[in-house]
Each structure stands twice: as C-alpha cells, then as structure tokens.
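Colleague: Protein sequence lines correspond, in order, to chains A and B. First residue of the first sequence: 22, per our numbering; consecutive thereafter. First residue of the second sequence: 22, per our numbering; consecutive thereafter.
What the hints contain is simulated information worked out from the structure, not anything from laboratory work. Beta carbons are placed, not taken as given, at the ideal position from N, Cα and C, and that holds for glycine. Treat the hints with caution; some may be incorrect.
Some, not all, of what chain A presents toward chain B, calculated at C-beta under 8 angstroms [stated by the list, open to error]:
hint, residue
1, Arg86
2, Asn87
3, Gln104
4, Ser108
5, Lys226
6, Tyr445
7, Met464
8, Asp467
9, Leu510
10, Cys515
11, Phe517
Number of protein chains: 2
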Amino acid sequence: MKARLIKLEEIDTVAIVTEAAQSGDVIDGITLLSDVPQGHKVALKAMKQGDEVIRYGVVLGYVNRNVERGEWINEHTLILPTQPPLSELKFVKSPSVVLPTPKRTTFEGYEVAGHRYAGTRNLLAITTTVQCVSGVVDQLMVRIKGELLPKYPHVDGVVAINHAYGCGVAIDAPDAVVPIRSIRNTIKNPNFGGQIMVVGLGCEKLTVERLLSEAENTKENVIILQDYEGYGAMMDALMQMAEAKLKVLNERRRTTLPLSKLCVGMQCGGSDAFSGVSANPAAGWASDLLVSGGATVMFSEVTEVRDGVHLLAERCVDERAVEKLKAEIGWYDEYLAKGSVDRSANPTPGNKAGGLSNIVEKAMGSIAKSGKAPIVEVIGPGELPTKRGLIFAATPASDIVCGPSQLASGITLQVFMTGRGTPYGLAEAPVIKVSTRNAMKEMWTDLIDFNAGSIITGVQSVQEAGEELFDLIIDVASGKKPAAEALGLNNFLCYFNPAPIT
Amino acid sequence: MKARLIKLEEIDTVAIVTEAAQSGDVIDGITLLSDVPQGHKVALKAMKQGDEVIRYGVVLGYVNRNVERGEWINEHTLILPTQPPLSELKFVKSPSVVLPTPKRTTFEGYEVAGHRYAGTRNLLAITTTVQCVSGVVDQLMVRIKGELLPKYPHVDGVVAINHAYGCGVAIDAPDAVVPIRSIRNTIKNPNFGGQIMVVGLGCEKLTVERLLSEAENTKENVIILQDYEGYGAMMDALMQMAEAKLKVLNERRRTTLPLSKLCVGMQCGGSDAFSGVSANPAAGWASDLLVSGGATVMFSEVTEVRDGVHLLAERCVDERAVEKLKAEIGWYDEYLAKGSVDRSANPTPGNKAGGLSNIVEKAMGSIAKSGKAPIVEVIGPGELPTKRGLIFAATPASDIVCGPSQLASGITLQVFMTGRGTPYGLAEAPVIKVSTRNAMKEMWTDLIDFNAGSIITGVQSVQEAGEELFDLIIDVASGKKPAAEALGLNNFLCYFNPAPIT
Numbered sequence: 022m023k024a025r026l027i028k029l030e031e032i033d034t035v036a037i038v039t040e041a042a043q044s045g046d047v048i049d050g051i052t053l054l055s056d057v058p059q060g061h062k063v064a065l066k067a068m069k070q071g072d073e074v075i076r077y078g079v080v081l082g083y084v085n086r087n088v089e090r091g092e093w094i095n096e097h098t099l100i101l102p103t104q105p106p107l108s109e110l111k112f113v114k115s116p117s118v119v120l121p122t123p124k125r126t127t128f129e130g131y132e133v134a135g136h137r138y139a140g141t142r143n144l145l146a147i148t149t150t151v152q153c154v155s156g157v158v159d160q161l162m163v164r165i166k167g168e169l170l171p172k173y174p175h176v177d178g179v180v181a182i183n184h185a186y187g188c189g190v191a192i193d194a195p196d197a198v199v200p201i202r203s204i205r206n207t208i209k210n211p212n213f214g215g216q217i218m219v220v221g222l223g224c225e226k227l228t229v230e231r232l233l234s235e236a237e238n239t240k241e242n243v244i245i246l247q248d249y250e251g252y253g254a255m256m257d258a259l260m261q262m263a264e265a266k267l268k269v270l271n272e273r274r275r276t277t278l279p280l281s282k283l284c285v286g287m288q289c290g291g292s293d294a295f296s297g298v299s300a301n302p303a304a305g306w307a308s309d310l311l312v313s314g315g316a317t318v319m320f321s322e323v324t325e326v327r328d329g330v331h332l333l334a335e336r337c338v339d340e341r342a343v344e345k346l347k348a349e350i351g352w353y354d355e356y357l358a359k360g361s362v363d364r365s366a367n368p369t370p371g372n373k374a375g376g377l378s379n380i381v382e383k384a385m386g387s388i389a390k391s392g393k394a395p396i397v398e399v400i401g402p403g404e405l406p407t408k409r410g411l412i413f414a415a416t417p418a419s420d421i422v423c424g425p426s427q428l429a430s431g432i433t434l435q436v437f438m439t440g441r442g443t444p445y446g447l448a449e450a451p452v453i454k455v456s457t458r459n460a461m462k463e464m465w466t467d468l469i470d471f472n473a474g475s476i477i478t479g480v481q482s483v484q485e486a487g488e489e490l491f492d493l494i495i496d497v498a499s500g501k502k503p504a505a506e507a508l509g510l511n512n513f514l515c516y517f518n519p520a521p522i523t
Numbered sequence: 022m023k024a025r026l027i028k029l030e031e032i033d034t035v036a037i038v039t040e041a042a043q044s045g046d047v048i049d050g051i052t053l054l055s056d057v058p059q060g061h062k063v064a065l066k067a068m069k070q071g072d073e074v075i076r077y078g079v080v081l082g083y084v085n086r087n088v089e090r091g092e093w094i095n096e097h098t099l100i101l102p103t104q105p106p107l108s109e110l111k112f113v114k115s116p117s118v119v120l121p122t123p124k125r126t127t128f129e130g131y132e133v134a135g136h137r138y139a140g141t142r143n144l145l146a147i148t149t150t151v152q153c154v155s156g157v158v159d160q161l162m163v164r165i166k167g168e169l170l171p172k173y174p175h176v177d178g179v180v181a182i183n184h185a186y187g188c189g190v191a192i193d194a195p196d197a198v199v200p201i202r203s204i205r206n207t208i209k210n211p212n213f214g215g216q217i218m219v220v221g222l223g224c225e226k227l228t229v230e231r232l233l234s235e236a237e238n239t240k241e242n243v244i245i246l247q248d249y250e251g252y253g254a255m256m257d258a259l260m261q262m263a264e265a266k267l268k269v270l271n272e273r274r275r276t277t278l279p280l281s282k283l284c285v286g287m288q289c290g291g292s293d294a295f296s297g298v299s300a301n302p303a304a305g306w307a308s309d310l311l312v313s314g315g316a317t318v319m320f321s322e323v324t325e326v327r328d329g330v331h332l333l334a335e336r337c338v339d340e341r342a343v344e345k346l347k348a349e350i351g352w353y354d355e356y357l358a359k360g361s362v363d364r365s366a367n368p369t370p371g372n373k374a375g376g377l378s379n380i381v382e383k384a385m386g387s388i389a390k391s392g393k394a395p396i397v398e399v400i401g402p403g404e405l406p407t408k409r410g411l412i413f414a415a416t417p418a419s420d421i422v423c424g425p426s427q428l429a430s431g432i433t434l435q436v437f438m439t440g441r442g443t444p445y446g447l448a449e450a451p452v453i454k455v456s457t458r459n460a461m462k463e464m465w466t467d468l469i470d471f472n473a474g475s476i477i478t479g480v481q482s483v484q485e486a487g488e489e490l491f492d493l494i495i496d497v498a499s500g501k502k503p504a505a506e507a508l509g510l511n512n513f514l515c516y517f518n519p520a521p522i523t
C-alpha cells in the first residue's frame, strides 16, 4: 500500500502518513526529511520556534524549535498549549444540526417494566456489598453455571458484580457518593431484567440500606452471609435464591422495540493517530444515526475531552448542561491536582508510539466519536440520565473504569474503538470492537468486530463505514454476539473511587 | 454460659460483658442499669461528664454526660481523645523483652534460591501489567487448570495476579510508587518459586520494564498480547510458557527449614470487642514464639494503630524505625485529610455492634496481635523488609488491601483474626482464620480454623491458646490446608493505589 498524507482541515499545518515512510520519500508532493512511523505527523510547511502546529483545525501545540517542511513532528517537537479555562464556558444557543436519518428504527430487546431503556441481554446479576464476600460469590458462579444455567435456556448468563468497594473506606467521605451510586445504579441495569440479588457480609460499611430501597431490601433479594450457619448453609441459600431469580428471567423474550429503548456507550482505548480519522468518526456517524432514531448514546473520558471542553460546551442544549459540564470537569481538575498530576499524564506510551503527540491531539480524536448531535445532558460518573439523546457521562478515561461507570448509567451495549488493540470486554453488556486501521484487523482477526481502516485507504467514506457500524450495533443489540462476548473475554469491574481507603 | 466481666488493667474504668446481659443482672458485683449486648462495655464506677473512660490501661475517650456505675458505655457516650501527635515520637532505648521459647523451630517449606524467605506453597503465578489483559488471563487460568495442572502433581495451583492498575493512571504521580512496587514485589513472593511469567498488552503505562530487570525481561518470561496474531495465537503462546514454568515448579520439594525462612502476616477484620481480649492476644503470643524462633512477622493497618502509635514507637529498636514510622503514618494522615476524612471513618458499623466504640479501642485490640517483641523495622505498603523479626508494614487497614500489600512484602502465610466473621482468603498464600468467641466458631464451623473464644470462657489462657495457634501456623506453613484454602475461597487482589485515575 502506497503511503498517503491525511490532512483534515484546510488550515492544518501537519498531516499524518497512512503508512510508515522513509526519509527521502515524496508523498503527496512533500519530501520526508526523516523516517516517519505509520500515523505520525509531517510538517506541511516550514515553522519557526513557537509557531502553531494545527490539526483538526485546532492548535495542538507550538514547535519548540525551527522545523522544515517534511520533518517528523512528535511529542519531542511540541509544547502543550494552555488548557481552555472553565470559567469562560457559557451557554450559547447554537445553530440546529441536521443529523442523518437511520434506515432501521427498531431493535429486538428485552423490555424492563418501569425502566427508561430495554436490555440487549438477559442476565442474572449477583451484586456484592463488599469484597469480603467475593470468594463465596466466585464459587457460587461456578455452581450456578454448572448446575442451574443449563435448566434455564432463555437466560444468557450470570454475572457477579464484584468490586473493591464496601469496607475499609471512608463511607461518608464527600467523594464516596461516586462508588456508592455506581454500584446502586448498576443493580438496575436493564440487562439484569429488574431482578435484584444482593449478597452482603453483615458488618461492612456499605450496608444493603445504602444500595436498595426499603421495598427492595427483602429476604427474597438479599442474603447476609453472617446470618448463615457456615459455608454449606450460605451456599444452599444462595443457590436457592439464584434459582428463583433464574425462573423469572427465563420467561423473558425479545420483542421489537423502538430505538428510544436503546442506550449505547461509546469508548476508545489504546488509541492511535488514526482513531480520530477512521474509527471515531465512523462511530460518531453511527452515534448520530442512533440519536436521530431516538436512542441514547453516552460518551465519556474527562481527561481526553478536557482540551476540547469548549467544543462540548458549544454543543450543550441548555445552560444546565453547560453548568454541569463545568462542575464535573472542574471537580476532575481539582482531583488531579490533589494527586499532584495534570493532563500531561495522558497520553500513554502506546498512544505516542501510535502518533498521538499530546492530550490535545488525543482529545480531538476522542471527541470525534460523539458525532455532531447536540449534548442534551451531562451526568457525573455512575449517575443516571434523565433524558434521551447524546449524553456526556463525565467518567475517567481509563477503559476499565469508564466501562463500569457507563454500565451504572444504564448502557446495555458498548462500542469500543481501538488503534493499538485491546481484548477489553464486559460480562454485563456486549462490546463491539472497532479497529482504526487495516493492520490491526489483519493482526487480530478473531478479536476485532469492525474495521474502520477502509476509511484510511479510501475504500469507504466515513458515512459508509458509520452506516455499516450502525447496522452492526442494531444486530448486536438484538442478540448477535461480538468477538469478546463469544470468546468470554471480560474485564472485572473497577468502580471509580476517588475517596480514601482507610 | 453465665456472663462475666473482663477487666484488662487495674486502672480500667470499664469492663466488657462476656455474654449479652439484661438490665438488673448482677455481674461480678455490678448491677446493670440497662441491657448490654455481648462484648460491650459497662461502667465500673460513676463518672462525671468529661471523665476518662479507660480500657487496656489507655484512655479510650471521655464521657459526654454523667454516667452511673453499671451503665452501658458505647459510641454514643464517648468523645474521642486527641490523636497522639507524631512530632513528639522519639527513639528511646527500651528495656529488653523476654520472649517465650517455641517448642518447634523448623517447618517444611519450599526454598527459593537467593530469597530471604521460603515458600509455604508451590504456585505458578501469572502477573498482568494491566487490567486490559485480565479477560485473556482468566480464560488462560481455566485452560491451565483443566489441561496442564493435572500433569504436574507437585504444583499446588496457578494464580492470576490480576489487578486494577497499569493504565488510565498517572504513572509518574508521586504516589504511583506504591502500586508499582507492590506489583513488582509480588512477582517475587516465595510461594511462586522464583518463576516469572508476565502478560502485558503493549500500549499500557505500566510497561514490563517498570516491573522486571533487564535480565528478567526475556521472551521466556514475558508475553505481550499485541505481538500475537489474534486470540488463538496468544493463547497458544501463553499455554506454552505456562507449561515450561510448570515443568520447573514440578521439581520443587518441601525440605525442613529453620523458622528464619518463614514470613507470616497478621491481620484482623470484622473485629469486635473480644478481638483485643482473645484472638489478637493469642495471635500476639504466637507471633512472639515465631519471632523468638527466628521468623519474620508483619503486622499492619495504619488507621487501626494510629491512636496507639506512641506504643509502637516505644518498641522500635532504632531511630531509623521510629523515623520511618513517623514518615509513613504522617503520609497517611495527609492522605486522609486530602480526602476530607479522618480516623473517625473507622470503626465500621459491625465493629460498633460488636462493642468497639471508637478507633482508640479498636487500635488497642489491633496492636495486641503484634505481641511484645521489639519492632525491628518499619516498611511502607508493598515494600520489601531488609531484616528478620517483627515488622510494621504500614498498609491500609482495609482487609482486601492489606492482604495484597503483605503478599508484596513477602508473607507466605497469613493469620486472620475475626470477631464478626468473614470468608476472606488469598489464592497466593494460605490464610488461617481465628475467631474471637465461641459463638462465631459455632456459627461458622466450616470456615473458622481456630477458636480463641476459650480465652473468654476461661478454658484456656492466652499462652495456651497462643501455643496452639503457633502449632497450627507451623502445620499450615508445612502444607496443611486451612478452611479458606480447602474451600477455594479467595479475594481478588486490590493493590493500594493512592494516586489518581486519569
């Protein structure tokens, strides 16, 4: 494949090479002055020390020395610009956006009485109040899978909502609200069909009362291990409760539902310079189709949108959303400062190797997955949305923390874009993995569900790839198994706990 | 069983009841003025508002109102005293302590070339650099257990060192040193026989270089998933590496070793008012026997010793230990303050129900498990000791965080005291569970290994129970399986990460 240069906006002063290229190569009229790895940036013109480096039409930073046309621009050449100040963000009524119209407006899902969204899977979830009981629940999972699940063929599986929270924590610390609401809201994820099964120890700080309402906190839904005479007795009680829940879940059937019953999460991890050119714009197009069809789509990752926060504020539909955006991002700025770190802690070494020089460049690519739809609501990590449409859920960018946060907020399916490749998966909701470039898909044929590399090679437009991805999302929501689900690859749940361990 | 009062020191102004008692009951000459639950405190004399409440010979706090002789004293009656200031702690040469002499001075363990301690188990450990790969490693565990382990009968098992760290973190944050050294040192735990198997992704922040030396970072020890052509290829490579390690481990045999090769951790969780009267003093006696015999014993739980830190300083053998104690505890004070919490966040509701009114009372009970031996060294969470003897490892008190920290520091067996009961266990080292009272053992016969309740009922002295527990520790170190190990009950690993998530 012959290398090409991808320039995104007219005013850009750099472009990326679609293939690794050598010093002396002439690509699209530019002679390279050094070897340039795939996805990395090339100066489109000579720049003086301090000049702006522009990509996505946005200033990524300033060159720290004079640069010739055709030079490789990377993290060693760039000085980070100042972070956009939150105080200047204001609600401005923006011109209405015309979104593309989806060809499909329904999916086959599991409705849950009284719930805003429907499930895409039919799972028994067993939630723990505290990590102390996880050993027992792990053994329970083995027994349920071996002895009970085969009797209930309409149930897709059983998942343990094991987590590191619950005790040895300052339960009334101001930030404890984040993990507590995350666990509480996860119990109600539509993929769990409204069935509640909670296992507690009996002396933990995260009491069942903090997770369930009085009406829910019954002996049909809750088992406290300290109330049982030993391991044998507790396992008997747990198996009995699990079977009662499985019987109810086994009666559920998929029905044809409008897209307004679907809630999808967007995330990217192991990003490269193509993320913002291929996979994320394709996901953005699919997201616009979903929103246009009435669905709810969440995107997240505070540190990865921080440098483009003014672009998000411009898309907010009301002042409330802008104020919440400022509050959540401001809280995160302080949280990082308390730990003596700042946004330069991101990107990762792998991101840099993939051509992403700094967090501004990563942010522009990250935001692309949200499409062009207006942002109807901003929520904190693990909070429940109150609207349908495009929602910014202000979670950490860490893949393994963002996933559980979005699950808590109600997603029933996640779309995961990756450039470097990760076997990421969730047991609680199917995850569709989208690669940014052909090489990734060719390398991991059995792990990648959708390749957006065709956009890089010019075989498909963003629109075409986006429509195809939208189709796959509807199919997976309706029961089709993506690779991670078929292979049983699941990350364990890491809820965001910004409060201290005691 | 008739209720008795347990008074610990001559100057104590409260004593605890050994059984639940009713208003009007006369116990050891004192008429109770209200119902008093088991393990709770009774005023031995009338006190005026502001008077000292003394137990263990130490001021637990001050009464917040006038109190009559025979009244129930609990968390609602007590005002917390000021925390001992760290600045006043100084090294003072203390009178030498005479420790009891153990009857056994050897155990049957697995020596590891070049390691200070020997293993008590022969395990294959597979360490992950980042949570992204844990789904693959979980599937690998299933295959190894099914296909490989049966061929290597001298290997006790395989464990995944899965953790929530590795990416989505500020890897160069000042506090990142804690999780990084914890994971790095865990790899070298003697129970893993010096065999190294690390699974990385390829784009994570916690690169293999941060965990292994150049000599260790070889293709025989490390697999990077992004280097393989898909899931099938990575699983083949992983199975091949695991089998190579199993072959080496399968040659290991137990040999008779001096106690100086043993490293034991002490921990308590789900404590009650009896913890400091029965289980912990018995563990303290066993600890003194171990130390006297040349072994290393670690105790931990910063927030639970904070209010007795002056008592620890007095037992330190040199100025270096005292200064390290001040530094570690001071760091923790600041860490809690940053999260807007303080030591009053501990104890738990279960502790209070068990009679522990506040953190001072809990601390006195907690420290009892360290016996009377001098403290030869103080280490930070996840650090390696450089000496043998009694060591204070300054980890959080959270059971599920203290355990992995002690494993990183080299323990090969843990003794876990519990009053309320927890099914806690570690896959990486056997855990002996010690109950504080008969009722606990009677309730959880199949989960508790050793009952120290006989001390409460006067059937055994602390010395007798301590000697019996010491015997059990040597037996378990030599291969005997305690309940959690036999039942396969294991907590997953929560490494302490005080640095921010990004």
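Colleague: Does each hint hold? Answer for all of them.
Modeller: Okay, the hints, checked on the actual structure:
| no. | hint | in the structure |
| --- | --- | --- |
| 1 | Arg86 | violated, 24 angstroms |
| 2 | Asn87 | violated, 30 angstroms |
| 3 | Gln104 | violated, 14 angstroms |
| 4 | Ser108 | violated, 22 angstroms |
| 5 | Lys226 | holds, 5 angstroms |
| 6 | Tyr445 | holds, 6 angstroms |
| 7 | Met464 | holds, 6 angstroms |
| 8 | Asp467 | holds, 4 angstroms |
| 9 | Leu510 | holds, 4 angstroms |
| 10 | Cys515 | holds, 5 angstroms |
| 11 | Phe517 | holds, 6 angstroms |
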